[in-house]
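Construct the complete structure from the given sequences, taking the supplied hints into account.
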Amino acid sequence: MHTPELKAQGPILDKAPRVGASDTTVHGEVSVSLIEYGPQGCHETLFSSVAEGLAYQTKAEVLWLNVYGLANPELMQAIGQRFGLHPLVQEDILSVRQRPKVEEYDGYLFLATRVFHYLAGEERRLQSEPMYMVVGQGFVLTFQPHPLGVFGAVRERLKKPDSMLRLHGADFLAYTLIDAVIDDYFGVLDDFGNRVETIDRQLLADKSGGVLRSIHRLKYEGMRLRRALLPLRDMLNQMTRGDLPQFRPETRLWLRDAFDHCLHLLESLDASRDMVAGMLDLYLSIQSNRLNVQMRVLTIISIIFMPLTLIAGIYGMNFDYMPELHWRWGYFAVLAVMGLIGAGIAFSFSRRRWL
Amino acid sequence: MHTPELKAQGPILDKAPRVGASDTTVHGEVSVSLIEYGPQGCHETLFSSVAEGLAYQTKAEVLWLNVYGLANPELMQAIGQRFGLHPLVQEDILSVRQRPKVEEYDGYLFLATRVFHYLAGEERRLQSEPMYMVVGQGFVLTFQPHPLGVFGAVRERLKKPDSMLRLHGADFLAYTLIDAVIDDYFGVLDDFGNRVETIDRQLLADKSGGVLRSIHRLKYEGMRLRRALLPLRDMLNQMTRGDLPQFRPETRLWLRDAFDHCLHLLESLDASRDMVAGMLDLYLSIQSNRLNVQMRVLTIISIIFMPLTLIAGIYGMNFDYMPELHWRWGYFAVLAVMGLIGAGIAFSFSRRRWL
Amino acid sequence: MHTPELKAQGPILDKAPRVGASDTTVHGEVSVSLIEYGPQGCHETLFSSVAEGLAYQTKAEVLWLNVYGLANPELMQAIGQRFGLHPLVQEDILSVRQRPKVEEYDGYLFLATRVFHYLAGEERRLQSEPMYMVVGQGFVLTFQPHPLGVFGAVRERLKKPDSMLRLHGADFLAYTLIDAVIDDYFGVLDDFGNRVETIDRQLLADKSGGVLRSIHRLKYEGMRLRRALLPLRDMLNQMTRGDLPQFRPETRLWLRDAFDHCLHLLESLDASRDMVAGMLDLYLSIQSNRLNVQMRVLTIISIIFMPLTLIAGIYGMNFDYMPELHWRWGYFAVLAVMGLIGAGIAFSFSRRRWL
Amino acid sequence: MHTPELKAQGPILDKAPRVGASDTTVHGEVSVSLIEYGPQGCHETLFSSVAEGLAYQTKAEVLWLNVYGLANPELMQAIGQRFGLHPLVQEDILSVRQRPKVEEYDGYLFLATRVFHYLAGEERRLQSEPMYMVVGQGFVLTFQPHPLGVFGAVRERLKKPDSMLRLHGADFLAYTLIDAVIDDYFGVLDDFGNRVETIDRQLLADKSGGVLRSIHRLKYEGMRLRRALLPLRDMLNQMTRGDLPQFRPETRLWLRDAFDHCLHLLESLDASRDMVAGMLDLYLSIQSNRLNVQMRVLTIISIIFMPLTLIAGIYGMNFDYMPELHWRWGYFAVLAVMGLIGAGIAFSFSRRRWL
Amino acid sequence: MHTPELKAQGPILDKAPRVGASDTTVHGEVSVSLIEYGPQGCHETLFSSVAEGLAYQTKAEVLWLNVYGLANPELMQAIGQRFGLHPLVQEDILSVRQRPKVEEYDGYLFLATRVFHYLAGEERRLQSEPMYMVVGQGFVLTFQPHPLGVFGAVRERLKKPDSMLRLHGADFLAYTLIDAVIDDYFGVLDDFGNRVETIDRQLLADKSGGVLRSIHRLKYEGMRLRRALLPLRDMLNQMTRGDLPQFRPETRLWLRDAFDHCLHLLESLDASRDMVAGMLDLYLSIQSNRLNVQMRVLTIISIIFMPLTLIAGIYGMNFDYMPELHWRWGYFAVLAVMGLIGAGIAFSFSRRRWL
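Residue numbers (numbering that gives the first Met the number 0), protein chains in the order written: chain A, 0 to 354; chain B, 0 to 354; chain C, 0 to 354; chain D, 0 to 354; chain E, 0 to 354.
Please keep in mind that the hints were generated in silico from the structure rather than gathered at the bench.
None of the hints are false.
On the chain D side, residues computed to face chain B include the following (Cβ under 8 Å):
#, residue
1, Trp-253
2, Leu-262
3, Glu-266
4, Ala-270
5, Asp-273
6, Gly-277
7, Ser-284
8, Ile-285
9, Ser-287
10, Asn-291
11, Thr-298
12, Thr-308
13, Gly-315
14, Met-316
15, Phe-318
16, Met-321
In this text the structure is predicted, and so the values were computed from the model without any measurement.
Beta carbons are placed, not taken as given, at the ideal position from N, Cα and C, and that holds for glycine.
Listed below in structure tokens is the structure:
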């Protein structure tokens, strides 16, 4: 079990000693498709059962086996045995806990990455799914939990009669699939950037604090995207440097381009994240500014009305001997004094900008 | 004393020249178990005294000596002499002040790490204990202050008749034990993540400030976990790189997997810590927002009622000559004026969103 | 298509097999100019159509082809074929998504950078455009979306009879163009610095919060400039280190100077950005200080007037038996008491600086 | 003067050509002690004058010269000449401005570090003093401004008849002295940690702001300790790596242990510093929370009492025609209305948690 | 012009083909002094014109040419040609935009650094000037815009008959000059540290916000100093590593000391900057604390007086039937009730520390 053997040139899924009569397990969410191609042509086969797949024979130059649905240990074991995958690789593909990485094994590479998409619905929650890839001599295996359409365009290109893709080997297919994943990220990041701008426009109008929660959700999503992109960048950097013999020199030039796109993704994500951080600061400064304005208004109002109310209170006292009360123009004099005091205070505020 | 000699192939604990009659000290909290195994079988022995252990003879391929209870210098010295441990290693195991590290000595490795667990009870405090391991040619020694059950699963696997574990050497056992420690961290981090989410849900409802202290406690715990995981990651990285001859190349592939799990732990911890930091910011912004709302309410209330109270005060003055008081509809006119002023201010606020 | 061939010594744009009758597409915003020079002289030709350019023959030592307008795939393909550019380079030049970088291809270098300028108008928005350069043996190609005048000075220097520029090769021209781009940044950063200082002067006077939005816009612009300058610095560093054979050792000394200017740009940008960050902090601290002053005033006013208003209210009560009301000097006594209380509170504040 | 010569095997302080009749300067605070030892024994001599020291002869294997009091250029010069110290080393030891470092000279090492201690007294101020060490072939020189007792335990160990210390060379003595310095730091950091915890307990009770100043002082002290520990760590790392021939391989294992202790010190310091930073944040959040509570109370009180006071004011007006005043139950009706309004507002607050 | 030739052993400023009759330009602010020395002696010459300088002949071992005043292209060109300086060096010295750096040219080093000083006057503004140095075989050139006295002490030391300085070459002179620059920084940083402490003492007393602006100015100054010291440190590190053949091994030991002083400068600057940052935090926390105290006072005052004022208002109403008004002790009962309510509220606050 610890000495992986590479048997990719032979038929696919030819034997599954430990799976036995488990054909029935390959149903429901699990679906397996095999694309085999070369300069001459391209052929796709969909398998409805493992047994069917095991009986299949091929002579094509490049094989691409795509599996949707990960929770199937028997299928995994069959594939693992057919392509000589190390137990650790099989375990990694089956487990949910995988961080993006590239690992070199004897004769093949194992790549793990994540694919993001926004859920439909009012809330537009950001979700992610793992995507695994094994790149060997003449074959590429891809594993995803659900069909999200990331590889649709690649499949179309392969089926076109004069496709350049068919002229290259399995390593170029691997590059093309990684490029499709990166293209998918561009869409997600555009979406993210649009939401940041939408909320930026709502920032000044908001008084209820609803925008605050949105900003914080954007912040979390930005962190999650970054956490997925950083190892992807490291993966691509490692592949570009040329340490991995699976990728031929002419493919490395294209990988360098994919690496560059990944750097671009990270920079545009960082720009959006800076904007979110700035929005949060701006929101809080606007709040603080508003508080100041309110406080100033309250203070001015209090300074103006408190003395006037006191004066009115004084002449509302019931003392027997209050000479002013009996003056002919006392009432108007008091009103005038009140008006003068109020105007004076207001004037001194507007003049000296004291507060 | 400075020239450590490796005598692991001979009997365990056969002589203890400096311990003398200290058999009685190996009681209470200290317990020593020895598991010896090979492809043929596995045997576990529990020692109730050092003397008993000293008399024990073994011929198995791999020895695993597990000690619970660290505060026993005589036992330490006996074991140290039996396995040729450097005085510094003995000192490190006995001391409480140890940071996670891996140190290479002549013929064996010394590993120190920490194991975390949540105390039962209302408060669920996070506690940690040191865990020491010595990996040599054909033997693994583990030292822990208390039995926490981290290695229970490994012991079970060893005892299973067809266990793959028995086919490998001491280095694979060391990997398996480290993996058990990492699995233990996964549980602790899940627990930590759950508590973060629980408090996140309480965030908006809280007005008493109780949630604030909880957030800060989570922040501390996150720091402590990070401080334990970082050196663990460095340890595993060092072991994976292959500088250490104790680990054979085929085991290194498995160590790389453990290293990867450790990176995963750190990333998931960082995600939780980012969430805690975001919660703190969010809490403070919500507070600030609330303050603003209260201030706005207070200011509006003051602006509406202060002028009205002044008017009522003015007509409560006792001047002899106040013509309005004697008008037929004066009272209702004043009430109407008051109503108009109040409504006007309220209207202007709602209209111009002045505050 | 994957084996780039260098044919720069032959005529420019001599054939365009895939462009066909697309001459009409090279109009409107696209304009192509060719400068050819050597120690003997310098000649500039403007092409109004691709066909015209394709028919052109040259024998000069250095060719500089400058293209304004990027959205023209046919022109790009013609140039690409003429100078043997890799499909990835052509794709990069046509795409809008390009981060600053330098890439080495077989026989030539591809450089991508950004040029910034402030839009005219009230708001003075900061805009950027990509600028691409290909440096090969005896030729330099530059691509820009619009004529912004960055290379005007270089063109002038080339046309001067005794220009030192003509004595050097294509690599020195490339250095001169990069230096022109860097000089352009100095202008933009001066402008940026001036705006920072303008807003710094408005900081203390502002009460409306308008300055807040300006500070945040400066913050974003600073980030954008930094994000463009950082890869430019890395590019120049790479060129200076001498890994790229396109640049001869004597040119590298000049590139080191350009690298140094780029470091200077970054430091002066960082100084401005620190100032912006400081302004934001200062603004918020001033706000907080103002809030404190207002609060102190409000509190003092309330402490002084609330007791006095209560006293006035008490003597405004209508109880039958209130002896003070009938005292001869009751009213004046109350006024005096009020004055004393008010003065006492004010005195205690000014004396003990209690608040 | 620039060609240092190592003459450590000869007698100590035998000649002091430039010091001359300066014996009288070696009094007061300066005190010199010489410990000479080997496997056979250990002997300590205290010198009351330089001349006395110059006349002293020794044959021991290891010499440890300890000097208290640094401000004595003549003594420094005598020692410098006796042990062949570079002028820069002499200058460094005499100057107050020294950062922790290790410097390799021809034949000996110069180490500078700092020793911390808390001053007695109410305030418990943290103070530091420089500590210099020169490690050569067969001798160790230590220089301190005052006797702080850091090396007391080492001196005791040397004097014990069966001390292991005597069996090793000067490099092991140097390690032991460095270890004593590190042990001293453990005490200081424990003290620091205790004070952090003391203030943490006072945090919630404090309303005067006194705790704020204490937190800030702890923050400064933490920075100072960190600034001293970081270069100490680098020093030890450098010594452990084995670049310095003064330390033999068997001593390096012990130095690695000291390095590890130093990392432990830094981690525990960082934990305390994180706690201080968290306390500051917590203090401010508690403040902000308290402000919110106060504001809520003030707003609720104002909303309840302002309308009621207005109503009371209205019925205190002196209009001739106010029908309600003459109703039989008008007064009680108004009281009832007031009660209803107050209760209604209070109820709506408690019900809808509006603020 | 691109092949610099070293002609330092010949006469200084002997020919100036491109300067022509520009002798008159060397007046006003420009002043040139030449110090020539060797073990035998030292001689200083002041030139009042370039022609005078050009005619001067020397045979001394080391030449130090010091120029005050940079805005003189003709003089620069003359010196550049005499010492074979690269056009880039000449350009750098003439330009104002120079960041600290060390650059190696064929046969000499070019060093650029900055010198700081505080302007006299009330505000004590921090100003900086560039300082350039060229170190070649047997000569050192220094360029400064104004005489600031930084090199005064070096000049004095050179003129002393038994100066050690004269025994060493040009590289030691260069070290001595750099050391003088570093000593100058010590003075500036002491000044900076003193101002930080002065403002720290004013912190608690300030209520006007004036201290806030001072803190922010210190923050800026700290950043500027740091930005000048960081490249100086890198310069010295590069010189110490020994890559530059201009500095002989025995000088490198002294450069290491200068490097160390530079690290010390940076650490003490960082300590001051941390203190400034802490002061800002402390100021804001004090503000926040004060706001809290004020708010508490305001809230307590409002809670006490608002109910009492309402009660007084109620008994000031003019209803015909208000039985309490006619009670014999109604007035005193109300006063008593008021007193009880006020005391009760005050008591409950002081008792339960509710706010």
